[in-house]
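Given chain A's structure and the hints, the job is docking chain B with the ligands onto it.
Line by line, the protein sequences are chains A and B. Take the first sequence: its letter number 36 is residue 36 in this note's numbering, and every next letter is one higher. Take the second sequence: its letter number 145 is residue 145 in this note's numbering, and every next letter is one higher.
Simulated from the structure, these hints should not be mistaken for lab results. Some hints here could point you the wrong way.
Subject to a maximum C-alpha distance of 25 Å in a straight line, what follows is the list of computed SDA-like cross-link-like pairs (lysine to any residue) [said to hold, decoys possible]:
id : chain 1 : residue 1 : chain 2 : residue 2
1  : B       : Lys-7     : A       : Thr-77
2  : B       : Lys-7     : A       : Val-184
3  : A       : Lys-124   : A       : Gly-53
From the structure, some residues in chain B lie toward chain A, with a derived Cβ separation under 8 Å [stated by the list, open to error]:
id : residue
4  : Asn-4
5  : Arg-40
6  : Asp-45
7  : Pro-49
8  : Ala-51
9  : Tyr-54
10 : Thr-58
11 : Phe-59
12 : Leu-63
13 : Ala-334
14 : Lys-488
15 : Pro-491
16 : Ile-494
17 : Gly-495
Only a predicted model underlies this, so the values are computations on that prediction, with no experimental measurement involved. Quick reminder that beta carbons are idealized off the backbone N, C-alpha and C, glycines included.
Each chain is listed here by its residues.
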Amino acid sequence: MQVMIDGKAVEVEPGTTLLEAIQGNGGHVASLCYDERLDPFGACRVCMVGVEGAPGPLPSCTTLCREGMEISTSDETALRVAAAVVELVLSELPEAPGEHTALAVVAKQLNVTRTRWTGAVHEKDEDLRHPYLAFRHELCISCGRCVRACDEVQGAFALTVTGRGFYSNVTAGVDSGFAESSCVSCGACADTCPTDAIVELRLLELAIEQNGSGE
Amino acid sequence: MASNLIKLTRRHHPVNAPTALSKLSEIVAETGTLTDEDIRGVAADYRLPEASVYGIATFYDDLIAPRGERHVRICTGTACFEAGDADSAQRICDGLGVGIGEVSDDGSVSVAETVCLGFCHSSPAVRDNDVIDAGPGVIERVIEGTTVEAGEPPMRSLLAEPVLTQPGTWAGLRRALAELTPEDLLQVEMKAADLRGRGGAAFPAGNKWEFARNAPGEQKYIVANGDEGDPGSYIDKYLMEQSPELLLEGLALAGYAVGSDQGFVLVRSEYPQSTIILREAVEQAEAENLLGDNILGSDFSFSVTIVEGAGSYVVGEETALLACLQGLRGTVSARPPFPAERGVYEEPTVVNNIETLCNVPFIAAQGAEAFCNLSPGDSAGSKLVCFNSSFVNPGMVEVPFGLTVRELCEEVAGGLKDGAQIKAVQIGGPLGGILPASLLDTPFDFGPLAEVGCMVGHGSILAFDQTTDMRALAQHLLRFGAHESCGKCFPCRIGLQRAYELFSDDEPIDRESLEQLLETLELGSLCAHGSGMPAPIRSLLLHFPDELGLR
Ligand SMILES: Cc1cc2nc3c(=O)[nH]c(=O)nc-3n(C[C@H](O)[C@H](O)[C@H](O)COP(=O)(O)O)c2cc1C
Ligand code: SF4
Ligand code: SF4
Ligand code: FES
Ligand code: FES
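This is chain A alone, in the form it adopts within the complex (with noise of 0.2 Å):
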């Protein structure tokens, strides 16, 4: 089927995303719970695109092409959603995050440089029982990627998501730890984080120094 992305005609397989569809002819959005290897998940709508004729913005990573659909990258709604949507990920975080994170990258790209909401921000809570992975709960977003990544890469499901709402977080096991989980030490999980909330301990020093660096 034919789409047009951005006043330019494409081909598609029936069953392709949007972000699918523009990645794949060289256009890009930001996102932040999209990984390529891991089932499209729709939780942070930063992917989001203008579709000519749709009532508002449409997260791109779960919706699927249709014949003839007009695709707009540079929409403003959709641009200015997806900032709001970064500017209040940003208040929820104790520090900025640091700037070769992936959050930091995206918001950059937003031009999203500060936050005007205060209020409350995740307890500091770092977790350092493991050999090789380090978790810093309070700078987790939620996208639940790394608990993806354990289930539908590793199939180790050491990882869930826990809590609600506001205060929803992640961790390994009867929040015992990773080395109290029937984690493997795959890495999967520090890989895929776009935060750096869970970090391989080697990269946490490094980690640390640049926090506050993506503001």
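The following block gives chain B with the ligands in isolation, referenced to the frame of chain A:
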């Protein structure tokens, strides 16, 4: 959420056996709390990952609040907010000597919050173990330990021949099995009847059934959504408890039309009676061969399993409902896939509201035309509405579509008690807009209510009188919104918390920031919780801006 976890859940689990969630609820009910050992034990028994069971245990309200021998749950729903004093919860805590979310040192008593017990006709309401007491003096009775089961006003109907407010007769199923093919029931009756879903989205039930019927898959499921979490609403409660046969017949008819032999009802745990009554009704129907194998000698078989929720508003959203039904965390999933293609245990599944299903027996028995003739206007069938305790005659009433909101409030419900004046009404739950008194002449129907930023929703009509503080109301609604956010999508997870915080002190609120936040919620959220919570706030901004403390 995590694709392999769902496969894992299914592998070791017969579809109608109790889930890990049911087991966790049972442990909390028996021992008052969940230990890590309990969680590991359930994981081992159900062959689920320990982490996943821990995730479930930290999601549901029922599993989080520790319980003493006497567990007191104070309703924080909107009807009880309107009826109660701001300090009622504090008085109960002081009187019982224990704070919210705590157990007394000797383990004798605990207090927790809950959202809507379905006694909004008699607010304020408190649940004392399984006794629900409500109305004047309830706070004192809780403190003294003398609570009594509150009464419920009888249901009424304004129709010449009530459809939904009478016990089921199974005439629809009898006729369908004798005279209609599944295809006839779907095409000739259901689709022609244009029955719109009563659960909020008003989607035509016949079309949904057709998707599921045509979806590839041997095994299909029908799920009745008995989560009725909307504070102020007790319509589905009345139906489940007073006309359970009507619901079971509707489920069986859906099964017949769609080609499914297994139905579920997911009942919220705030309605302990509903679960008990429905289970008895299933047994009774099985004994009479109205459910079970080869119903009434036909080759159609259909079973119904009753499953209890564990305290979460968003579990009413259909994908979250199915997650809860499978015993998992009740978070929303992005669609597609729609439940009609991939639902319970990844099989095609119809999810319908309780009231929607209760309309089906009439359609099957009397036909589509009779159903369309129940209301004079565009919408087919009748609608159940219910009123909060501010009205002279609260209760659940079956009405034709098209009466004005004023007629409903003033004539059907008799206006407000003690000569109070209506300042505004909220229709159809927390995601519905708020209609100011000046717009009471709006017809009660899908189209006209949408034009004024409101919706039919579940059909609850909750009046605020002239003394209601609109800023406090906004804060109340947003507190609910933030507490109930499932946490899956970022706009709602963080945005509702920020919106609640904006209203939580006495500082002036920057109108521009607030409106930008509402837009982000509306356009960005994954489900109608986050995109709908701004609706009442928009109404307040439009009709009562001077009362919100804006700058
Ligand atoms: C936050 C949220 C809560 C919901 N709660 C309920 C509910 O309590 N009962 C219900 O029937 N539908 C509820 N719904 C709607 C369901 O997702 C679904 O549309 C409905 O059950 C379908 O049934 P119907 O087509 O018969 O209306 C809710 C939706 C959302 C987004
Ligand atoms: S730990 Fe990282 S990858 Fe996992 S949910 Fe949190 S932010 Fe996402
Ligand atoms: S809008 Fe709220 S309730 Fe709905 S998916 Fe997002 S976080 Fe969950
Ligand atoms: S990348 Fe699409 S919603 Fe997160
Ligand atoms: S019983 Fe309290 S709001 Fe319904």
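Here's how the hints hold up against the structure:
1. Lys-7/B with Thr-77/A: violated (38 Å)
2. Lys-7/B with Val-184/A: Distance ~21 Å between Lys-7/B and Val-184/A Cα, so the pair holds.
3. Lys-124/A with Gly-53/A: violated (45 Å)
4. Asn-4: Cβ of Asn-4/B sits 5 Å from chain A, so the hint holds.
5. Arg-40: holds (6 Å)
6. Asp-45: violated (15 Å)
7. Pro-49: holds (3 Å)
8. Ala-51: Nearest chain A Cβ about 4 Å off; hint holds.
9. Tyr-54: holds (5 Å)
10. Thr-58: holds (4 Å)
11. Phe-59: Hint holds; Phe-59/B Cβ to chain A Cβ min 5 Å, cut 8 Å.
12. Leu-63: violated (11 Å)
13. Ala-334: OK, holds: Ala-334/B within 8 Å of chain A, min 3 Å.
14. Lys-488: holds (5 Å)
15. Pro-491: Hint holds; Pro-491/B Cβ to chain A Cβ min 5 Å, cut 8 Å.
16. Ile-494: Where the cut-off is 8 Å and the nearest Cβ of chain A is about 4 Å from Ile-494/B, the hint holds.
17. Gly-495: This hint holds: Gly-495/B lies near chain A, its Cβ roughly 6 Å from the closest one there, short of 8 Å.
Going through the hint list in order, the structure does not satisfy hints 1, 3, 6 and 12.
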